[in-house]
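Asks: Please assemble the complex out of the two chains, which come individually in their own frames, going by the hints.
Respectively, the protein sequence lines represent chains Y and C.
Sequential numbering of the first sequence, starting at 39, is according to the working numbering.
Sequential numbering of the second sequence, starting at -18, is according to the working numbering.
In case anyone wonders, no lab produced these hints; they're calculated from the structure.
Model, not experiment: these values are computed from the prediction.
Beta carbons: idealized from backbone N, C-alpha and C, even for Gly.
One or more hints might be untrue.
Claimed, not checked - With a Cα cut of at most 20 Å, we get these calculated SDA-like pairs of lysine to any residue:
hint	chain 1	residue 1	chain 2	residue 2
1	C	Lys32	C	Gln54
2	C	Lys32	C	Gly(-15)
3	C	Lys16	C	Met(-8)
4	C	Lys32	Y	Arg146
5	C	Lys31	Y	Arg143
6	C	Lys31	Y	Arg149
Stated by the list, open to error - Listed below are several chain C residues computed to face chain Y (Cβ distance under 7 Å; list not exhaustive):
hint	residue
7	Gly(-15)
8	Val56
9	Ala57
10	Met60
11	Ala63
12	Ala76
13	Leu77
14	Val78
15	His79
16	Phe80
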Amino acid sequence: MTAFWFAALAVLLAGPVPALLARARWTWQVPRAALVLWQAVALAAVLATLGAGLSSLTMLFTEQPGLPFLARHGLAQTTLIGLGTGFVAVVTVRFWAVAALVAVRTRRRRRRHREMVDLLHHRDASAAVDRALLGEAGARVLRVLTGPARVAYCVPGVGGNRVVISDAVLRELSPEEVGAVLAHEQAHLRARHDLVLEAFTVLHAAFPRVVSSRAALDTVRLLVEMLADDAARRRTGSLPLARALVQLASAPGEGAGGQGELRVGADALTRVRRLAQAQPGADRRPPHRGLAAGAYAAAVGVLGLPTLAIAVPWLSASWRALAG
Amino acid sequence: MALGELERDVMDRLWAAGTPLTVREVHEQLAAHRKIAYTTVMTVLDRLAKKGVVRQAREGRAFRYSPSASREQMVAGLMLDALGGVDAVDTRQAALVHFVGGVSPAEAAALRDALDALSRPQAPSGGETAPAP
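Here chain C stands alone, though its shape is the one from the complex (with noise of 0.2 Å):
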């Protein structure tokens, strides 16, 4: 629970960065709050970046990391992901339990359009935790 909640941290700082960030200065501002290791920190990115919603960028003899996509990215993916579409009936529903079964079609193509939005252009999006272009 302690390591999810550094997790989501180190999310936060690297998506209000920006611009991709070395273990170093992702420490600094954490450090700046909190006690915790260096080691720590670079471990955690290492977890991010295995999950894949971290990218890493080698730059010299350090790497830099950066959020694989913006924060409003993630949330309509993993909620496509959750709703599984319009199809009712495939293996994937076994996964999750809804409180009532399906979508909308209006809410499926809401989540589609604002995937798309996002998606679009690379760096400006308009979220308040998504990173200044």
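In isolation and in its complexed conformation, chain Y is listed as follows (with noise of 0.2 Å):
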């Protein structure tokens, strides 16, 4: 019975959940909050996965040891929980196997980017804007390409951050604007979003069909955004960083582009309107205390409940069972 109620909140927190909380547009006032949220339901997915498949395994041995499997249950059962746990088994080997290729993929496309971009650093062109707007510190993590496009991120890791930034951006935006810009990236390593980036993207990459993956993706990369908007709205105000948006997002070849620039424009417009509406005094203290608290709440409920409504009774059945 365990086995079955740890399948059916898997399913559930694995589709439904994450589709609902997807379509959420209150979690757009309180990033953070939802991001906890965001990731204790993917943790309590992959939990609940792993649950069911121990406890369906557990099932050989602690019911009344000593009959064949086959004699206790049936053939039914036995091939029931067999397919159950074979299942869970190769779920679980599937998203560490992945887990573990995009580590070492993105880590080394990061060192290739970080060695490139020390490479073909353009000094010059950023000596007038390191110093004023990030002092020291923010000038050490600073390269500017010199080429055609206008690109700005960030390459986050362990082997030291870079702030990446084209002379184009330098040249288009004002001053307070690539402030802005400069602020956004900033927040994004300093609270290693990267991190939280990377787990849903090997849940999306191990699993990218039937469960809601992609739309877990999508949203949580959304909510970093907001969350790195917040940051860099403090420091700059919301206008630069809209503007600096609106800028950098305009798409020059309209129509021309596939699915996947619709949906990028469709996320910076909204975040411009986010922008926008944001109260004035927002910029300096958080607002929608009770929203925030509400999904800090239902983040320790959705881990929280599960672990003392089936698990704590799963597994002291267990031990006596073992024990006795």
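Replies: Below you can see the structure in the form of structure tokens.
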């Protein structure tokens, strides 16, 4: 029975719950709390899957040991338990294999990228900007590329953070707008947003269909951007940030983009609208305390309640059966 | 950091030279401006070759070094890599965190054009740091 509850919970947490949460607009008001909730849901889904596998496996050993398994449960139930355990094993192995693969690829790509931006860094172009806007610490991580495209991104990692920006951005944006972009990227680096994104990238890469991993990844990505937006807004104000977003997101070739392009534009639009809607005082103190508290409570609940209701009774029963 | 600066400096010399240089030639150029050991230059060139940005060719008993691509080509390639094409959700995206996602099709096309134009004729290219034909 435990296995059934775990499995039901896993299905719920992998499908409908993320799908609903992805559609919830209130999460935009409290991105930090919403991200905690998202991680709790994902972790709970993984744990529930693991629990379903382990608990069906323990049935082999804990119920009336001595009798042959087939005689105890009958053919149908034995097959079901076997299939269930096998499925969970496959899912678990797949998750960790993909996690390892993504981790290795991500770090290799970052190292390569870091080497290249260090090599191609155009110091003269950045000299005017970096000291004034970033201070010494910020200037050490800034890299300027001289090239045709407008890029602004960060390369996170233990090997050294980099904030990369192209000279086209420096030319087209005002100093305040550049400052907003840099503040945004530094917020990503400080809070290690890349780790959250990596975890959800792994979930999506491992289980691209059936479960709502795509919606989860897209939403988490947007929430992470909003969180960095909030940090940048506290430093530079909403207006320069919104102007920078509009400039860098605006696509000159209208209509030529594929579906991916439309989504990206939609995200930028969402962020700009959100900045515009925020009250003037919101730059300083975080509003929506109740909403945030609710999201944190839900995060604790989604991890804690199944543990109390399913895992603890099951574990103690298993312990008694094994010990007695 | 100092090593990074030195690598940039060496690359600039190789791009400016237009022809493959030996370690001794690079060392002579650098030594005109700063105190630097011959072995340091050798190490830097070796590192650059390992990174794949410098080509090593044996000539007699010495090695000659040349950039594997022009500076413009490398920047364009790096930008394409950073922008990751049009597909927004692939595992590559986890590596970098963008200010605003994706690239406009026009920009992607412009980058590819720039790369194509640069890689088609082997010798001539327009940039100031590119090797002269």
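Asks: It remains to establish, for every hint, whether it holds in the given structure.
Replies: Results for each hint:
no., hint, in the structure
1, C/Lys32 <-> C/Gln54, "16 Å, holds"
2, C/Lys32 <-> C/Gly(-15), "13 Å, holds"
3, C/Lys16 <-> C/Met(-8), "18 Å, holds"
4, C/Lys32 <-> Y/Arg146, "12 Å, holds"
5, C/Lys31 <-> Y/Arg143, "19 Å, holds"
6, C/Lys31 <-> Y/Arg149, "13 Å, holds"
7, Gly(-15), "5 Å, holds"
8, Val56, "4 Å, holds"
9, Ala57, "6 Å, holds"
10, Met60, "5 Å, holds"
11, Ala63, "6 Å, holds"
12, Ala76, "4 Å, holds"
13, Leu77, "5 Å, holds"
14, Val78, "5 Å, holds"
15, His79, "4 Å, holds"
16, Phe80, "4 Å, holds"
Of the numbered hints given earlier, the model fails none.
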